[in-house]
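There are 6 protein chains.
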Amino acid sequence: MKVVIKITGKVFEPGNENLLGAIGDITKKLVNLGHRIAIVTGGGATARKYIDMARKLGVSEAWCDVLGLEASRLNARLIISILGDLAYNDVPRSVDEFLRAWSTGKVVVLGGLQPGQSTTTVASIIAELICADLLILATDVDGIYDKDPKKFSNARKYNKITIAELRNVLLSGTRAGTYELLDSLSMSVIERSRIRTHVVSIFNPENIIRIVMGAKGIGTEIVFD
Amino acid sequence: MKVVIKITGKVFEPGNENLLGAIGDITKKLVNLGHRIAIVTGGGATARKYIDMARKLGVSEAWCDVLGLEASRLNARLIISILGDLAYNDVPRSVDEFLRAWSTGKVVVLGGLQPGQSTTTVASIIAELICADLLILATDVDGIYDKDPKKFSNARKYNKITIAELRNVLLSGTRAGTYELLDSLSMSVIERSRIRTHVVSIFNPENIIRIVMGAKGIGTEIVFD
Amino acid sequence: MKVVIKITGKVFEPGNENLLGAIGDITKKLVNLGHRIAIVTGGGATARKYIDMARKLGVSEAWCDVLGLEASRLNARLIISILGDLAYNDVPRSVDEFLRAWSTGKVVVLGGLQPGQSTTTVASIIAELICADLLILATDVDGIYDKDPKKFSNARKYNKITIAELRNVLLSGTRAGTYELLDSLSMSVIERSRIRTHVVSIFNPENIIRIVMGAKGIGTEIVFD
Amino acid sequence: MKVVIKITGKVFEPGNENLLGAIGDITKKLVNLGHRIAIVTGGGATARKYIDMARKLGVSEAWCDVLGLEASRLNARLIISILGDLAYNDVPRSVDEFLRAWSTGKVVVLGGLQPGQSTTTVASIIAELICADLLILATDVDGIYDKDPKKFSNARKYNKITIAELRNVLLSGTRAGTYELLDSLSMSVIERSRIRTHVVSIFNPENIIRIVMGAKGIGTEIVFD
Amino acid sequence: MKVVIKITGKVFEPGNENLLGAIGDITKKLVNLGHRIAIVTGGGATARKYIDMARKLGVSEAWCDVLGLEASRLNARLIISILGDLAYNDVPRSVDEFLRAWSTGKVVVLGGLQPGQSTTTVASIIAELICADLLILATDVDGIYDKDPKKFSNARKYNKITIAELRNVLLSGTRAGTYELLDSLSMSVIERSRIRTHVVSIFNPENIIRIVMGAKGIGTEIVFD
Amino acid sequence: MKVVIKITGKVFEPGNENLLGAIGDITKKLVNLGHRIAIVTGGGATARKYIDMARKLGVSEAWCDVLGLEASRLNARLIISILGDLAYNDVPRSVDEFLRAWSTGKVVVLGGLQPGQSTTTVASIIAELICADLLILATDVDGIYDKDPKKFSNARKYNKITIAELRNVLLSGTRAGTYELLDSLSMSVIERSRIRTHVVSIFNPENIIRIVMGAKGIGTEIVFD
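Residue numbers (the working numbering), protein chains in the order written: chain A, 1 to 225; chain B, 1001 to 1225; chain C, 2001 to 2225; chain D, 3001 to 3225; chain E, 4001 to 4225; chain F, 5001 to 5225.
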């Protein structure tokens, strides 16, 4: 099975070494089971640090984005350093470079690709290009909710959600920050190619294996009519 | 002045050699006047030909897009062959390559960059990265209308339009094909960096010089509040 | 067995999707049988379209050639989009890039490499570099004739031909267009390295497998003294 | 005059935006005065953050170095984002890429190049390759002292120092951390090509212009017999 | 004026340092006079040394050629090391890389590009691509003779020669080694684009300036009907 | 087992074809036994030839080094031409390129990487990056001696030596030329990552297999406390 895993940039912080190590272990297990894996990493706190500095210096939005995606590439390289020989030992910087890397048969790890584009969009385009069987969005909540679960005690998690429902949830505006999770372009790509997509919590990386194995009811699955 | 010109792919067809030559002449004049120019070319009929063949062969949407952007790069190279020494003599295939090309001081000509992304979006991102003074979208109509001018005789051309109005016009759905002109991402980029943008007809390329010179009332100008 | 297949650019046209699909299927079968494959694609009608436009614009011969080889690369990418994971997912643009691609173990698909050089020459140089066991020139006739079979009803097909005889046939000038099939440089390369070479019709792609399997009497085989 | 400026990674932290802006202004002034500038940035706190995480994950020393030099490249890109058109808009990742970048005539900004190599060594090799007239090491102390000025109140700053004296000072071991400033390889390069070198404080960037203008007595100058 | 100079590989030997220095000086003068220069270097004795070793090791002809062109690139780099800032500081390895290098405005120095192709062919293709005003083939004889001047005392030097005459002279076979000077492909390129071409002796590099300045009667000029 | 083999540049001379062929055979055997191999080649006589010419031309030390490392790359390519499909068919020119090459699973052959750096240092950094199990330094003496064995008949070969002892031997200065074998930076890298390292004679390449197989007492082994 070909699997693309998007990992939120929030985990690339001191203190999360055990979690990062677990992500490495999961990847090795999946490869040993015969799966092919691509990993896309977000920018996280390092991205925000450099973007904040750049903004104070009057740098344009596009260049702020460039700094953010360089930070996401630094996170990608940290994952590569954990994976060793299992991984393609460079971080692709464009679609061309990704495809060349993918052709080696290794795990390919990358960050962002372009200004004005989220790393979730990168993950969905990559998934479409390699005809991935599964796209996993591993983030800091355990699925998609109808309201912000941190603010509303009666927030309800979706086990399954259609792209149409998802657009409604995101438009309803009660979940600021979800933009990062799934923006308009990534939803269009997932929809047009009907890519099987799961949103799960990164804090329980074993769930990634369970989903690959076919387990149901973990996180939220995006479904098509 | 730094100017990004998006040229619709529709002009890259036999019979349009005079028009293509005129685009080359305009570019030379602008360079002689001291302006720096980047040109983004659409995919046009060649893109459609290859996408149609690929679709019949069951190729994924992402790879259809890849073929389309390779076709747009072929159009870019045709422009380069006209410009000669004036142009950077290769077609950048990623943001990195564009920035390296731009650093030479030459006219840079490129097509698309990624699947899932219009060449208008490429033009807007490029414009943002180089802090362009002006973005010109040269297409096959002479501006933005409230209705499709080919269907409605009472269609009214906007001399100026805000991004908010533009979103309404596009959402109203009466102008199929405008997607190609300005999609959601390109509007967001133009808006967030308040890039001065003009929509004009490519069939009168002298208008490009007039706009650079500061003429008013040609095509449609996108304005900000 | 290492096999290089040159495919005439003439097949990359709407209406030939079944043929292109068959070429993809043949390639998959050959890979499953344990063979390593490189494919070189010609430029065809797209090349001619752009070269014609460029010539009307007064572009130099070298740049006309550049446009032709970009068109052949577009055809290469169409083949890649059919092959998916089986293929190296980028089109090499130089000998260096070809060799890096070949090192991944994938099917490598490329078009032309340089102005002033036919794609048949590219195929012969590639064959020599990888010490190919077999070079197949798949074109729109079913072999090499002593006269143009479209004009002369008594034209005789060679089952075998030496390079010396081939030079005579080509010099005799009765077969305009054969230049495309085998030019002077490709014959020199085939000769100096005694590369086993077959000329066959692309319209019966199963013949490619038969030749790889060792069948005799299909198309024309180039032999050495 | 060709000038290479090494900037300590310590300044790439929130709160130092004014200092970073001043470095940008200084560079623009030097360019306007007709000088050609290359800037090498250290890795600083971001490098340490990623190296610390990697070490806890059991990553090899070479890969820790790789993460450190990616961090230094992120710092380089921040400088580029400040300089805009003045700078080569990409970060060279090897000597080849540096030389190609330098050939454009722009300010070139880079971080580290290889594991096992300090960014000061990078600066000295770059300086040697372009036959720089001046190498400025801008760090967080205002020159080279005979003892650690933060520990010894009687530490004496050298106005001039020979490489031989410098080796003695560094070997005497009283100045931990100087390794970062000038390691064995950078001293060898400076010595063999007798590169005019000044160590100055980055916190007073105007001094960089003064040194380029020929002022004496600022920081410490490395002299040759 | 845009000038391409092909320098025979024979001069890249110890003892010729003065000659190599003179070639550097000539190039600087031409640049100072406002000309743009590309230099193509042959492989010479180093090429032969490696090709001979490879042949004894049973290496294929294509790889022998590869070693020869790497040797020619080593010679190119020696010229670059003499030219310093005046030159593009890398050796292009493909037509794409040459064109990118040429776009910087620097002197570009390269060796061979492909197996099965002489460096004279490279020079003619490069000349055609950049629409060079002049192609100078600087070799170890002072022009083209009707017979080998080393063997026949009555050999007559041509002041002017047409491509048709040149083909006859080369076919007559009395001048072994001329293959290196002008092979079939380079003559075709020179002919189809009517590139002004002079064959001169490299041992009198001042002649290169004279020819650029318009002097007549030096070496042999290739003329067109 | 992952093995890095540094081969002295001295063997890349006419007359040594049998030795070079044997090195190729050894490499094939090691690959067939399931080992992964990287080979680093020195510059040898070709390097010296070009460096000598450059020095007479007044070229800077850094560019002399550049010529030396291009020569070492020519030697690397000769090894690749012997290995054929077994090898990655290009010579990496930077750490990034090496890592991409290594990801293909092929034997990777490279020369130097940077001015101011020995090919032994390259071999040690490469070994550290890929977590090599073994680093073999194949040179023209059969191990490390306490004195120069060519000058002192009572010179004693070490079977094992610690890095500390090694530093003393090298500092004692009685062994000019050992610099080439193990310089300060390569020793630091070997030490910090405790890379298992053997110094052996290249003139008996079978010894390389023996050491990989675990044989003791061949050449000199570097040991750690």
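A hint or two may mislead.
Result set (DSS-like, lysine-lysine): computed pairs, CA atoms no more than 25 angstroms apart in a straight line [what the hints assert, rightly or not]:
id, chain 1, residue 1, chain 2, residue 2
1, C, Lys2002, B, Lys1056
2, D, Lys3056, A, Lys10
3, E, Lys4216, D, Lys3002
Just a sample of chain E residues kept apart from chain C, beta carbon distances all over 12 angstroms, derived [unchecked claim]:
id, residue
4, Ile4026
5, Gly4143
6, Ser4186
Just so you know, the hints here were simulated from the structure itself, not pulled from any lab data.
Just so it is clear, the structure is predicted and the values come from calculations on it, not from any experiment.
For glycine and all other residues, C-beta sits at the position ideal for the given N, C-alpha and C.
Hints and how they fare:
no., hint, verdict
1, C:Lys2002 - B:Lys1056, "30 angstroms, violated"
2, D:Lys3056 - A:Lys10, "18 angstroms, holds"
3, E:Lys4216 - D:Lys3002, "41 angstroms, violated"
4, Ile4026, "26 angstroms, holds"
5, Gly4143, "25 angstroms, holds"
6, Ser4186, "9 angstroms, violated"
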